[in-house]
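Undergrad: So you can see what is in the structure, the chains are spelled out below.
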Amino acid sequence: MKNINLKVNLAGISLKNPLILESGCFGYGEEYQDLININELGAVVTKTITLKPKVGNPPPRLAETASGLLNSIGLANVGIELFLKEKLPYLKKFSTPIIVSIAGETTEEYLQLIQRLNEEQIAGIELNISCPNVGKKLTVAQDEDKTFGLVKAAKKQTEVPLLVKLSPNVTDITRIAKSAERAGADILSLVNTFSAMSIDVETKSPKLGGILGGLSGPAIKPIALRMLWQVRKTTSLPIIGMGGITDSRDALEFIIAGANAIGLGTAIFINPQAYQGIIKGLKDYLSRKRIDDINKVVASLNEK
Amino acid sequence: MKNMLNCYYHMLQIKAEITENTELFAQTYYQLSLKVGEISRLAKPGQFVHLRVNQKTVPLLRRPFSIHSVGEKNLQILYKVIGKGTEILAQRKKGEFLDMIGPSGNGYKLPDGKVKVVLVAGGIGVASLYFLAEELTRRSLPFVVLIGGKSREDILCRDKFKKLNVDVMVSTEDGTSGRKGLVTDLLQELLPTPHSQLPIVVYACGPTEMFKETARIARKYAVPCYLSLEKIIACGVGACQGCVINTKDGYQRVCKDGPVFDSEQIIW
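Here the protein sequences come in this chain order: A and B.
Under numbering that gives the first Met the number 0, the first residue of the first sequence carries the number 0, and numbering increases by one thereafter.
Under numbering that gives the first Met the number 0, the first residue of the second sequence carries the number 0, and numbering increases by one thereafter.
Just so you know, not all the hints are guaranteed correct.
[Stated by the list, open to error] Distance condition first, Cα-Cα at most 30 Å in a straight line; then the derived DSS-like pairs of lysine-lysine:
hint : chain 1 : residue 1 : chain 2 : residue 2
1    : A       : 154       : A       : 51
2    : B       : 211       : A       : 203
3    : B       : 247       : B       : 43
4    : B       : 230       : A       : 86
5    : A       : 154       : A       : 177
6    : A       : 53        : B       : 247
7    : A       : 303       : A       : 177
8    : A       : 279       : B       : 14
9    : A       : 91        : A       : 155
10   : A       : 203       : B       : 149
11   : B       : 34        : A       : 279
12   : A       : 15        : B       : 14
13   : B       : 211       : A       : 53
14   : B       : 230       : A       : 51
15   : A       : 15        : A       : 295
16   : A       : 86        : B       : 247
17   : A       : 86        : B       : 108
18   : A       : 282       : B       : 55
19   : B       : 83        : A       : 203
20   : B       : 79        : A       : 206
21   : B       : 159       : B       : 72
22   : A       : 295       : A       : 279
23   : B       : 179       : B       : 219
24   : B       : 79        : A       : 203
25   : A       : 206       : B       : 149
Calculated from the structure, these hints are not laboratory results.
The task is simple: from the sequences and hints, build the whole structure.
TA: The structure is reproduced here in structure tokens:
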């Protein structure tokens, strides 16, 4: 079939295909310059940026589990000033929309970050309110009211589409999603990693320096998919679905369940070129099903 | 070859054909040879390649392997079966392909002037030091090799090093080969009386305790010392910040800032 459309539009952000490289797994982009052609992607989301540089959590920061990866990085990043000066210029060389992920310890910090980013040519700002690896207190995304308050304040300041990244570590993700929507979020990204742990039985020690970490990879895919499907039923906002996607079948599951675009995270580590196979797989699927537009597959689950 | 920004590639992702995957000793040590094209030309001693041992999600992550030697468009890896990843790798056959990214990491910082080099290898740590030894030979720099292991079977590459016409000293913990004791005992004896007027530089690869002791001895004799570290690595390109170690300059990434570090920089 000719003329298959893979373009998607997320609240005004135009993507040439629905594939997005997700925050934390793609660094600042330049690390992958020999392996990934950013121009071939729908969008990229930067490493989460904070106001001040962050050194991150004590090592060890990684543990491998069955089809999963446990991490406790703790938002290690160069901080907004160095990011704007040294990291963002590289990403601007490409035609692909750049979404900058940010995190603050207070609403005020989020707002300061947004003000700095308003001076830049970027496609969107993602509020990371769901990193499981910073501090012992609950994340914003684990509380409906806090989510509402932060998103509302951020929306007032933001001049580009506002993305909100949701946590799976909640009783009912749809309530948080609704809070974010009521507060003015333009796009929902779900999900962040699952709070989890792993133990070395020989030493009886946690495998991670931070004891708890965030689980990603194929191990979480069915749960992430369930959450996406639930959120799709409660909102008409564009959704970026992610959680363990490694191939085009995984991607299609999320799209059928209701994702307008899909995010790749851990898959980048395993195969930086995975996106190429997924794009081809999506085209083959559409062609085989005689569908001319990927948008027609979004939220197309046959529910008897 | 240039990438999309018209810069020369430093690393590539390829499908590398296995030309040999030979058991060296009792299902423990193996030598793997791969057709790698351009990667062999780019590779420097101390760098690693990042391999997927299969196309499944268990194990999920790629595994880093020191480059043992390179030839014309081929590359060798020496590995020890220590877990699930290497068990699967040991089953892979000639003619099959492995997904490879490389060469990765910084490699050994080679000495500027005339020096005498001491290579300190613990067990499978010998893998990357042989590549370095070939480079030292090419540059006509004198060196000596110290190899240690638990037992006779853990002493690898002795003959290969000897073919480079250098002194090779061996120690084993059980005394079944060479001197009974640790390889760092050999270093401790060598450094005060190096039989050379040249300044000394130490390069080491092995287990953590060996690293700490090597660093301690090198400091005692005020000798520069470089260590090639190993960690669980996720991205392998410096993006995820997962493989950091603590150094005097803060957390540093083993995959990108290392795997080779100046021993004086490391905070153990």
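Undergrad: Take the hints in turn and mark each one as holding or not.
TA: Going through the hints against the structure:
no. : hint           : in the structure
1   : A/154 to A/51  : holds (22 Å)
2   : B/211 to A/203 : holds (23 Å)
3   : B/247 to B/43  : holds (26 Å)
4   : B/230 to A/86  : holds (26 Å)
5   : A/154 to A/177 : holds (15 Å)
6   : A/53 to B/247  : holds (16 Å)
7   : A/303 to A/177 : holds (26 Å)
8   : A/279 to B/14  : holds (19 Å)
9   : A/91 to A/155  : holds (25 Å)
10  : A/203 to B/149 : holds (25 Å)
11  : B/34 to A/279  : holds (27 Å)
12  : A/15 to B/14   : holds (28 Å)
13  : B/211 to A/53  : holds (28 Å)
14  : B/230 to A/51  : holds (28 Å)
15  : A/15 to A/295  : holds (16 Å)
16  : A/86 to B/247  : holds (24 Å)
17  : A/86 to B/108  : holds (27 Å)
18  : A/282 to B/55  : holds (23 Å)
19  : B/83 to A/203  : holds (21 Å)
20  : B/79 to A/206  : holds (22 Å)
21  : B/159 to B/72  : holds (21 Å)
22  : A/295 to A/279 : holds (17 Å)
23  : B/179 to B/219 : holds (23 Å)
24  : B/79 to A/203  : holds (25 Å)
25  : A/206 to B/149 : holds (26 Å)
Of the numbered hints listed earlier, not one is contradicted by the structure.
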